[in-house]
Amino acid sequence: MAEAGRRRGPTGKPRYSIFALARNALSYHENWQAAWRNPEPKPSYDAIVVGGGGHGLATAYYLASVHGIRNVAVLEKGWIGGGNTGRNTTIIRSNYLWDESAAIYEHALKLWEGLTQELNFNLMFSQRGVITLAHSEHELKEMRRRVEAIRLNGIDTEVLDTAGVKKLVPIINTDQSIRHPVMGGFIQRRGGTARHDAVAWGYARAADDLGVDIIQGCEVTGFLKDGTGAVEGVETTRGTIRSKRIGCVAAGHSAVLAAMAGFRLPIQARPLQALVSEPIKPVIDTVVMSNAVHMYISQSDKGELVLGAGTDSYNSYAQRGSLNIIEHQLAAACELYPIVSRLRVLRTWGGIVDTCPDASPILSATPVDGLYFNCGWGTGGFKATPGSGHVFADLLAKGRPNAIAAPFGLERFQGGYLIDEHGAAGVAH
Amino acid sequence: MMLITCPYCGPRDDAEFSYGNQAHIARPTDPSACSDQEWAEYLYFRDNPKGPFAERWMHAAGCRRWFQVVRDTSSHAILQTYKVGEWPDPAIDPRPKESAS
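Chains A and B are the protein sequences, given in the same order.
So for the first sequence, my numbering puts the first residue at 1; every next one is plus one.
So for the second sequence, my numbering puts the first residue at 1; every next one is plus one.
I should point out that these hints are in silico values taken from the structure, not numbers from a laboratory.
None of the values given here were measured: they were computed from a predicted structure.
Be aware that a few hints might be false.
[To be verified] Partial list, derived from the structure: chain B residues whose beta carbon lies under 7 angstroms from chain A:
(1) D14
(2) A33
(3) D36
(4) Y44
(5) F45
[Stated by the list, open to error] The calculated DMTMM-like cross-link candidates involving lysine to aspartate or glutamate, where the alpha carbons are at most 20 angstroms apart (straight line), are:
(6) K13/A - E30/A
(7) K97/B - E16/B
(8) K83/B - E16/B
(9) K141/A - E118/A
(10) K50/B - E235/A
(11) K50/B - E219/A
Beta carbons: idealized from backbone N, C-alpha and C, even for Gly.
Could you put the whole structure together from the sequences, leaning on the hints where they help?
Below, the structure is given as structure tokens:
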């Protein structure tokens, strides 16, 4: 292969590089190759991933790249990255309390750190730091405990006092007379943000390159089972597709898929809303979260302030929530960052998150042989995308969970081994 | 945004209410006789349908009484509200057949 340095994978797509950019500029960018194919579904595959969001595409990519299972289909009912992957606030961190969570979220963060290079796709991964605020003495003490627990797992965190927060976030109001005064916080400097669409597109392009079929506009409508009750395929809006190994990575719609397969999950589908302001010049170069007021803020590279809200309290699949949640979020934003009161809201939206009783995910075999679920990421799945896909691919390939996935099985609800991360989840639910 | 008709106070904005999830779940009559699986089902496993769902709501900023609602989770349409001790209209009862009483 004369062009070995520029080519990768069986489909031989050219690498993205500054030289490719220059070359394509000469032809007015009219000759870029499609980033992934648009194949017709084959009658059967070695493995099927249901759900073409970041987690599902990552699962397919690692099945192909780590485990050599390349005869894989990703079935997406809409378009890839069109669900929660395109609706989150793009925050990445691994500052969770319990060892089990630290293991999976830090696994993800370490993958993030090399992912742009590995996928040859600019994920705009920016380790700009993530600050979590404390608004009371109690919260600050609890935070010190959490920081020590996180550090014991070898993950970078440090406590900040009020002046330390103010130094990093000049627009924050540290007046101690406000309803939720800033009494300090803690920071994970390796945390940050990434371009959410690029994560889906980067994984899709790399997975496609390894032979994975990404099939959009293909909704699963039922599961086929053999005489023993094991799964042997799916019915879809584009026909029957057979496989004895199926992984469902459908976030908010996980319970709908589980019901088709004949069992329930300890999952509730809830709306989670976010909004962006009109774009302005750079005013904040880090991410600031607050558990007490359910509001988090960062600034996109386009200049929009990205503000996340809390979940609505009720079950929904409507991808929208109630206005009072937005009012609550904006009241907190205006008090903590007074300049926000001068800005217009550009757009608001909602996604449907799969909340779990212990605010931890489920990576598990199910009562149906051959059928696996990766769900329950709730309000915080984006940060875990690479780690989630990596360990779920391992589970699909080997049929048993590795050390990172093992604590996240469905059996924890029978055994009582819950991994309670409501404190670290950042969004109450 | 929803307009929920409290059976005691009338139609009010959904911001006045708090949510109690799935309705009509009976506590096991003899909890100590439950298997781990049955107890887990009671504690953590709920129906989560896309479509009509029988659920509990409480009028937190009004009469503070619990009541029940059949609501479509895909459209937020309120199909019926009724008091505790009453049952969904059989024509729209969303409960799985084996658990309906």
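Evaluation of the provided hints:
no.: 1; hint: D14; verdict: 6 angstroms, holds
no.: 2; hint: A33; verdict: 16 angstroms, violated
no.: 3; hint: D36; verdict: 4 angstroms, holds
no.: 4; hint: Y44; verdict: 4 angstroms, holds
no.: 5; hint: F45; verdict: 5 angstroms, holds
no.: 6; hint: K13/A - E30/A; verdict: 16 angstroms, holds
no.: 7; hint: K97/B - E16/B; verdict: 32 angstroms, violated
no.: 8; hint: K83/B - E16/B; verdict: 17 angstroms, holds
no.: 9; hint: K141/A - E118/A; verdict: 40 angstroms, violated
no.: 10; hint: K50/B - E235/A; verdict: 19 angstroms, holds
no.: 11; hint: K50/B - E219/A; verdict: 15 angstroms, holds
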